[in-house]
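Novice: Construct the entire structure; sequences and hints are all you get.
Protein chains: 2
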Amino acid sequence: MSYYRHHIFFCLNDRPNGEACCARQGAQQAFDHCKSRVKAEGLAGPGGVRVNKAGCLDRCAGAPVAVVYPEGTWYTFVDPADIDEIVESHLKQGQPVERLLLAADVGR
Amino acid sequence: MSYYRHHIFFCLNDRPNGEACCARQGAQQAFDHCKSRVKAEGLAGPGGVRVNKAGCLDRCAGAPVAVVYPEGTWYTFVDPADIDEIVESHLKQGQPVERLLLAADVGR
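As given, the protein sequences belong to chains R and U, one line each in that order. The first sequence begins at 1 in full-length UniProt numbering and counts up one residue at a time. The second sequence begins at 1 in full-length UniProt numbering and counts up one residue at a time.
There could be a bad hint or two in this list.
Since the list gives no way to pick out one identical chain from another, each pair is judged satisfied if it fits inside one copy or across any two copies.
Below, in silico cross-link-like pairs of lysine-lysine (DSBU-like), each with a Cα-Cα straight-line distance of 35 Å or less [to be verified]:
no., residue 1, residue 2
1, 53, 35
2, 92, 53
3, 53, 39
4, 92, 35
None of these hints come from the bench; they were simulated from the model.
Specialist: The following block contains the structure:
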């Protein structure tokens, strides 16, 4: 059994050279929003949900991105409503949000 | 199938108030060493291994810690030789390193 039921990592990497990167696509805001929603829903902690910052996840072409483990579900998102849906559907009820899935061939 | 066969996250969090934290237990050095070993072994990339920085993983009492997904294997380590063993045994051959496993009850 996994220490966290769902462990979500947000890429917060910043590329100062103008290349695609999550930091310039609202990643910090999405992270903060997710962290606060998970806490408000009482999901945080061992056996529950952990929301983490991460460095570059190397799938920059889909920025901003996040990954949920242990299931290995990758997301791309636009606004706080997308994050709300990931929290409510996936992190709370275990149902991935199909419309926000990152395509399998998206890389750097 | 997972985008990365093994995705390892190192906590690099720094707590300036003197509490236990990974940054003050050699985490950055371990991360750098792991990243460089994985690259040297030709393991890096989609379908292979990804070595990532992460914020606080909230298991600070076992600092420094790292977690490998999708299998959800947690490690604590001391020196570069420990990292070499994780790379060779777990990341290359898929065999977890029993002696470095973080005890299940270790939390913040």
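Novice: State for each hint whether it applies.
Specialist: Status of each hint after checking the structure:
no.: 1; hint: 53 with 35; in the structure: both (10 Å within a copy, 18 Å between copies)
no.: 2; hint: 92 with 53; in the structure: both (19 Å within a copy, 26 Å between copies)
no.: 3; hint: 53 with 39; in the structure: both (15 Å within a copy, 23 Å between copies)
no.: 4; hint: 92 with 35; in the structure: both (13 Å within a copy, 33 Å between copies)
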